[in-house]
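Engineer: Residue numbers (our numbering), protein chains in the order written: chain Z, 37 to 362; chain S, 37 to 362.
Since the hints were made in silico from the structure, they are not lab data. Accuracy of the hints is not assured; some may be wrong.
Repeated chains share a single entry, so a pair holds when one copy, or any two copies, can fit it.
SDA-like, lysine to any residue: derived pairs with alpha carbons at most 25 Å apart [as the list claims (entries may be wrong)]:
| # | residue 1 | residue 2 |
| --- | --- | --- |
| 1 | K295 | L85 |
| 2 | K276 | R49 |
| 3 | K132 | A65 |
| 4 | K132 | D353 |
| 5 | K177 | E57 |
| 6 | K332 | V84 |
| 7 | K352 | T129 |
| 8 | K96 | D192 |
| 9 | K352 | T336 |
| 10 | K96 | G242 |
| 11 | K145 | K352 |
| 12 | K38 | G176 |
Number of protein chains: 2
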Amino acid sequence: MKIGISGYGNLGRGVEFAVKENPDTELAAVFTRRNPETVKINTAGVPVLHVDDAKNWADKIDVMILCGGSATDLPVQTPEFAKYFNVVDSFDTHAKIPAHFEKVDRAAKDSGHTAIISVGWDPGLFSLARIYSNAILPDGKDYTFWGKGVSQGHSDAIRRIKGVKNAKQYTIPVESALEAVRAGKNPELTVRQKHTRECFVVLEEGADASKVENEIKTMPNYFDEYDTTVHFISEEELLKNHGGLAHGGFVIRSGNTGKNHEHNHIIEFNLKLDSNPEFTTSVLVAYARAACRLNKEGSTGCKTVFDIPPAYLSAKDGEYLRAHLL
Amino acid sequence: MKIGISGYGNLGRGVEFAVKENPDTELAAVFTRRNPETVKINTAGVPVLHVDDAKNWADKIDVMILCGGSATDLPVQTPEFAKYFNVVDSFDTHAKIPAHFEKVDRAAKDSGHTAIISVGWDPGLFSLARIYSNAILPDGKDYTFWGKGVSQGHSDAIRRIKGVKNAKQYTIPVESALEAVRAGKNPELTVRQKHTRECFVVLEEGADASKVENEIKTMPNYFDEYDTTVHFISEEELLKNHGGLAHGGFVIRSGNTGKNHEHNHIIEFNLKLDSNPEFTTSVLVAYARAACRLNKEGSTGCKTVFDIPPAYLSAKDGEYLRAHLL
Numbered sequence: 037m038k039i040g041i042s043g044y045g046n047l048g049r050g051v052e053f054a055v056k057e058n059p060d061t062e063l064a065a066v067f068t069r070r071n072p073e074t075v076k077i078n079t080a081g082v083p084v085l086h087v088d089d090a091k092n093w094a095d096k097i098d099v100m101i102l103c104g105g106s107a108t109d110l111p112v113q114t115p116e117f118a119k120y121f122n123v124v125d126s127f128d129t130h131a132k133i134p135a136h137f138e139k140v141d142r143a144a145k146d147s148g149h150t151a152i153i154s155v156g157w158d159p160g161l162f163s164l165a166r167i168y169s170n171a172i173l174p175d176g177k178d179y180t181f182w183g184k185g186v187s188q189g190h191s192d193a194i195r196r197i198k199g200v201k202n203a204k205q206y207t208i209p210v211e212s213a214l215e216a217v218r219a220g221k222n223p224e225l226t227v228r229q230k231h232t233r234e235c236f237v238v239l240e241e242g243a244d245a246s247k248v249e250n251e252i253k254t255m256p257n258y259f260d261e262y263d264t265t266v267h268f269i270s271e272e273e274l275l276k277n278h279g280g281l282a283h284g285g286f287v288i289r290s291g292n293t294g295k296n297h298e299h300n301h302i303i304e305f306n307l308k309l310d311s312n313p314e315f316t317t318s319v320l321v322a323y324a325r326a327a328c329r330l331n332k333e334g335s336t337g338c339k340t341v342f343d344i345p346p347a348y349l350s351a352k353d354g355e356y357l358r359a360h361l362l
Numbered sequence: 037m038k039i040g041i042s043g044y045g046n047l048g049r050g051v052e053f054a055v056k057e058n059p060d061t062e063l064a065a066v067f068t069r070r071n072p073e074t075v076k077i078n079t080a081g082v083p084v085l086h087v088d089d090a091k092n093w094a095d096k097i098d099v100m101i102l103c104g105g106s107a108t109d110l111p112v113q114t115p116e117f118a119k120y121f122n123v124v125d126s127f128d129t130h131a132k133i134p135a136h137f138e139k140v141d142r143a144a145k146d147s148g149h150t151a152i153i154s155v156g157w158d159p160g161l162f163s164l165a166r167i168y169s170n171a172i173l174p175d176g177k178d179y180t181f182w183g184k185g186v187s188q189g190h191s192d193a194i195r196r197i198k199g200v201k202n203a204k205q206y207t208i209p210v211e212s213a214l215e216a217v218r219a220g221k222n223p224e225l226t227v228r229q230k231h232t233r234e235c236f237v238v239l240e241e242g243a244d245a246s247k248v249e250n251e252i253k254t255m256p257n258y259f260d261e262y263d264t265t266v267h268f269i270s271e272e273e274l275l276k277n278h279g280g281l282a283h284g285g286f287v288i289r290s291g292n293t294g295k296n297h298e299h300n301h302i303i304e305f306n307l308k309l310d311s312n313p314e315f316t317t318s319v320l321v322a323y324a325r326a327a328c329r330l331n332k333e334g335s336t337g338c339k340t341v342f343d344i345p346p347a348y349l350s351a352k353d354g355e356y357l358r359a360h361l362l
């Protein structure tokens, strides 16, 4: 299976590493908006090309994995690339998924390609945990906790404050809330009771620390509903101790069964990830395999993880899977 | 969707309760090998019939859920019922799944029905955790822990010992092993290091306790490779404190990604169940929905959880699922 990468940042590099782990996949080409000559990749012999050349590769690539951002890149790129390729993306703006789905579906159906959108861990594996556990326990309650991990959006929001030079924001699940959920207590939890936020901030010279701290803690939507801690540190310390990309989280459904709903059941799915982008792209490559197979079977248009039989993600055949993993 | 139940023990009752939780399903009839007049069910107005009458109901039932045991019932019943019905079973003898699959597949294809076998939590949801996490992290290691919960097979094995009147056996995961796996240490674990076994035994009058204890602890396959504790208790205590059907377990994959495989990721799926049979049957009813849909689409033959798109388990449509659960 020949894989193309569009966009060579953290995600693009992650796809490149994941392709090496999967013997049935190979990297065909990397496409970038930058000057291709300035982009050095980790795989010898694979061409780096300008993104405008991509369409000339339509018959040399089985699946194009789109490694752009959800804010401005993917809403344009996924429907455009779906004209020429089977595609997989990690579009993660939950509220805009239905609109994105419609656009991509039209493009993929018109051109006879298969697209799988919103692949990764949330949306993605967490969505799978939600759909399976909801179907199995209709009488129940869902809880999703994120962290401990860096939230890119919240870190960016702090960086936009006047007087801030650099910042990292960690989202941290509240342990006591997690324990109450796991104990089957079905608590009603406010935003504040589920997560805390911890910020590491580098100030510009002469900036007013208490003013910055106040601006962070009262920022609507991002911080005002949370218990937020702000630490001021040097740029050296930020780069040394807060450069990691670890993340994770928990999806828990607590539900009841029985004649009088007397039996409680807890279904928990959790992730602890050293590298958010490398894990996300490992999921993307597994779904690229599914996109390729579905297209060969004539199943075109836009899909999500909900539409894909699990066996389509595996390089192994049905007989092997039934004998070894069932 | 009209559901039939074949076999009315703990599983059959569980299906009956689960049907009440799912507004798109209704119970059509219960079939039993006993004298139907002696079987009282919990749903008013639903007929209880002898299992020999089942084939006369072929056009009145959308999916028959088979609630027999894996040792002797299902190997015969599932292929036989697949001649007349779409069927779902919970066949859980892992080593015999490939042979069972072949027999059921032939019967279901010949008659144009859809069969889903080995549905429940292991095999079932644990198998799903294994296939997804293996496809995503090819460089990794799987761990499955069961418990704390009652093992029916081990309890039965103790009851067959001369001098034993009754017994319950709990399988208990070793907490330190679980913690080492969760910490990404990828330990090599022997059978003894993963689980302990705790037995509650009621002796016949005059039986030799130390002889029974020795026979349990040295029993090949069942106990000899484990650290086993044996408690002798009265029958009253057994019935009062050890009548529950709680169970659960953990599937964990620990895998690595990155240029030099330097990033570790932990994918964990775990269950904590007050009632093993009621949870198992909640899974069966969700897959009955999938069997019915697949059959309407013309997809016949035998399937497992690996072959079923997650959306087929849900009563909600794709648009709802994308907007709310993705």
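Engineer: Taking the hints in turn, state whether each one holds.
Structural biologist: Verification of the hints:
no., hint, in the structure
1, K295 with L85, "between (63 Å within a copy, 22 Å between copies)"
2, K276 with R49, "within (22 Å within a copy, 59 Å between copies)"
3, K132 with A65, "neither (30 Å within a copy, 45 Å between copies)"
4, K132 with D353, "between (35 Å within a copy, 18 Å between copies)"
5, K177 with E57, "between (37 Å within a copy, 14 Å between copies)"
6, K332 with V84, "neither (27 Å within a copy, 47 Å between copies)"
7, K352 with T129, "between (32 Å within a copy, 22 Å between copies)"
8, K96 with D192, "neither (38 Å within a copy, 60 Å between copies)"
9, K352 with T336, "both (23 Å within a copy, 22 Å between copies)"
10, K96 with G242, "neither (55 Å within a copy, 80 Å between copies)"
11, K145 with K352, "between (28 Å within a copy, 24 Å between copies)"
12, K38 with G176, "between (43 Å within a copy, 24 Å between copies)"
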